[in-house]
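Q: Chain residues, written in single-letter form:
2 protein chains.
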Amino acid sequence: MRSDRDGDILLEVSDSVRETLLADMDSAEIVAAAQNLDADEIADLAPDLPDEVVQDIIESQDVEERAQLQSALSYPEGSVGALMDFEVISIRDDVSCEVALRYLRRFDELPGHTDALFVVDRDDHLRGILPLKRLLVSDPDVEVATLIDREVVSFLPDADAEEAAQAFERYDLVSAPVVSTDGRVIARVTIDSVLDFVRDRQEAQQLAQAGLREEEDIFSSVFQSAKNRGPWLALNLCTAFVASRVVGAFEGSIEKLAALAALMPIVAGIGGNAGNQTSTLLVRSLALDQVSASNARRLFVKELGISVVNGALWGSVLGIVAWLLYSNVALGGVMALAMMLNLTVAAMAGLFIPLAMERFGRDPAIGSSVFLTFVTDSMGFFIFLGLATVFLL
Amino acid sequence: MRSDRDGDILLEVSDSVRETLLADMDSAEIVAAAQNLDADEIADLAPDLPDEVVQDIIESQDVEERAQLQSALSYPEGSVGALMDFEVISIRDDVSCEVALRYLRRFDELPGHTDALFVVDRDDHLRGILPLKRLLVSDPDVEVATLIDREVVSFLPDADAEEAAQAFERYDLVSAPVVSTDGRVIARVTIDSVLDFVRDRQEAQQLAQAGLREEEDIFSSVFQSAKNRGPWLALNLCTAFVASRVVGAFEGSIEKLAALAALMPIVAGIGGNAGNQTSTLLVRSLALDQVSASNARRLFVKELGISVVNGALWGSVLGIVAWLLYSNVALGGVMALAMMLNLTVAAMAGLFIPLAMERFGRDPAIGSSVFLTFVTDSMGFFIFLGLATVFLL
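Quick mapping for you: the protein sequence lines, in order, are chains Y and G.
Residues 1 to 393 in my numbering are what the first sequence spells out, letter by letter.
Residues 1 to 393 in my numbering are what the second sequence spells out, letter by letter.
Rather than coming from a laboratory, the hints here were simulated on the basis of the structure.
The reader is advised that the hints may include incorrect statements.
It does not matter which identical chain is used: a pair holds within one copy or between any two.
[Stated by the list, open to error] In silico DMTMM-like links for lysine to aspartate or glutamate, alpha-carbon gap of 25 Å or less:
| hint | residue 1 | residue 2 |
| --- | --- | --- |
| 1 | Lys-227 | Glu-162 |
| 2 | Lys-227 | Asp-15 |
| 3 | Lys-227 | Glu-203 |
| 4 | Lys-227 | Asp-24 |
| 5 | Lys-227 | Glu-214 |
| 6 | Lys-227 | Glu-163 |
| 7 | Lys-302 | Glu-215 |
| 8 | Lys-302 | Glu-203 |
| 9 | Lys-302 | Asp-217 |
| 10 | Lys-302 | Asp-363 |
| 11 | Lys-302 | Glu-41 |
| 12 | Lys-302 | Asp-24 |
Turn these sequences into a full structure, and let the hints steer you where they fit.
A: As structure tokens, this is what we get:
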């Protein structure tokens, strides 16, 4: 593979393929491949490279590129700085459209996703943007300052990338300037990196919900995969073990009435399903900023109401089934009551767990379900076996 | 609220808020609001409107708008036709850049997301595209035909919107032409509708996985929510009931050894977690078109390998715990063996269920987990209680 295509190939392949390719390249080849990449692209690769190779790459760059690369490397994943690139075209606000057009003709071709020129004053402070589609339809003699949009969506490099993505969606942006704290244009964000970010984040979330890491795909080795998936299984085994001890505490009751062992998974299961519905809805609302102190109370009352309606309905159905199955009306009553109570527990846990995770600065979309299942299983077993012990034995 | 803003408001609010707003408007108000919307925007609203109001809106449009609206209404959600709009700017390939620029100056402003002009022959057949950023830097005397990109990504209106979204990502597009089967330009797709589509789909999938409908949000009523969530709970109750009957078949064994009731949820639970990991990974690979007949066999062997590694590890750990807890080495052995077997079942189910859903034309991301949990619960109970009955009693 020729080194001028190596860089692009490394950028496009999946994480596990990239690891394999990099393992086959020596430092010099990697540095050579990096020569054909922009600073923001090198920064995307950097986490997968040994530190000394990154250092070699930095030293191989010219002064301007080096400054951009160091800037791009300094921002963590999930920040605007990690999405931005440096292909900015800016013009001064005191020139005519004719001059702006003549300036543009000096480029062979404008950078991809240039839908607007960033308009700056003599100190590079952002004054506004001039959409190309407006420049194209304007009289060449008009001054740029009279055409620009001054209400510009711009970002600081350490802003949250998710908020930038939401701004791109809300305002239908194609590109937006990134400015320093004193308002100078330093880079830009374009819709293609935003779309990649939205997709990657979505994928990472879906994988993380099942305890998988982004790096694993169907091409990873058995050993690597087993290692990746182990911690999640271990965590779930711990919670299952605690729930098992709840059942263990009622072994005396189960010996007397083995039907309890057959029915208890139903009570625990419905709690898990209903709680998951509540928490999924809440996680979405949190992501959309729909949850405030004023409607949290209303939400609480609403989810409680739903659990009562569903609990009465499905509790009665399963209660009657249990009664008929075991010809034991008291068992049916305990079943119905336990399902109602566990659905209420599930609704509360489905609200409380994501809110608590958000409060402690963690992503409520990831990991909520482990805690939720833990609560609904343990409490489901406890409520059902406890009621049975009190009323049936 | 003034009618010229009504339309935009209806487009921007959430589904359940829109329902409330529409319920307060009479037909004439809705028709008036629609006057300020483009055909593609009206088509987005149409599913929420009564049929006769849609008919009134169609009749209120002029001939060209009416044709566009009927075209937009005829494509189902999830197709390119549902994403496209009609703000196409096309030019002939036999004119000079000077003529093209003069044509553009006749617009007050070009439509949003116009990053390229669609270049057509005299019969409106697509010949290529001319990026604005190239037009801007070109000599005005050059003929358009010499500047255009002839390798153009274009879509048929009934193509899959997800495939269009992947093309937008892969080729970093901002806009792309939609053509009829005979190659005429009829509309365009822009990155903003693609981004909305990706987000909406992601949200709909996350909600559907928990048995929620897109229409429900935290502002829906208790009754509406309970009704939405009921069918999912009922489906899960049915599968839980079947699993419960598996346990019921072993009630005699549980009466003799109540420890089985305490340990069985662990065996079922680890199967559910591991199977979910396998199916999540496979669903992602299916979405990325990474799964082919040739690597399906390798994937099968790999997942089987992981289940053996994890089964030996965690089966031993939990087997020893069960042995120590109940001072019963045979019980520990049964526990370990059951966990290994159920992890193998889980790996197979985690591969088979999404593949079967894909084969039958259903979205494997949605609903796989219900079937998977059903298999891992029922088989987990059956394997563990069956082995215990054979070897311990």
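Q: Could you run down the list of hints and mark each one as holding or not?
A: For each hint, the structure was consulted:
{"no.": "1", "hint": "Lys-227 <-> Glu-162", "in the structure": "neither (30 Å within a copy, 33 Å between copies)"}
{"no.": "2", "hint": "Lys-227 <-> Asp-15", "in the structure": "within (17 Å within a copy, 43 Å between copies)"}
{"no.": "3", "hint": "Lys-227 <-> Glu-203", "in the structure": "within (20 Å within a copy, 30 Å between copies)"}
{"no.": "4", "hint": "Lys-227 <-> Asp-24", "in the structure": "within (23 Å within a copy, 57 Å between copies)"}
{"no.": "5", "hint": "Lys-227 <-> Glu-214", "in the structure": "within (14 Å within a copy, 36 Å between copies)"}
{"no.": "6", "hint": "Lys-227 <-> Glu-163", "in the structure": "neither (34 Å within a copy, 34 Å between copies)"}
{"no.": "7", "hint": "Lys-302 <-> Glu-215", "in the structure": "between (40 Å within a copy, 16 Å between copies)"}
{"no.": "8", "hint": "Lys-302 <-> Glu-203", "in the structure": "between (31 Å within a copy, 22 Å between copies)"}
{"no.": "9", "hint": "Lys-302 <-> Asp-217", "in the structure": "between (40 Å within a copy, 11 Å between copies)"}
{"no.": "10", "hint": "Lys-302 <-> Asp-363", "in the structure": "within (24 Å within a copy, 31 Å between copies)"}
{"no.": "11", "hint": "Lys-302 <-> Glu-41", "in the structure": "neither (48 Å within a copy, 33 Å between copies)"}
{"no.": "12", "hint": "Lys-302 <-> Asp-24", "in the structure": "between (58 Å within a copy, 23 Å between copies)"}
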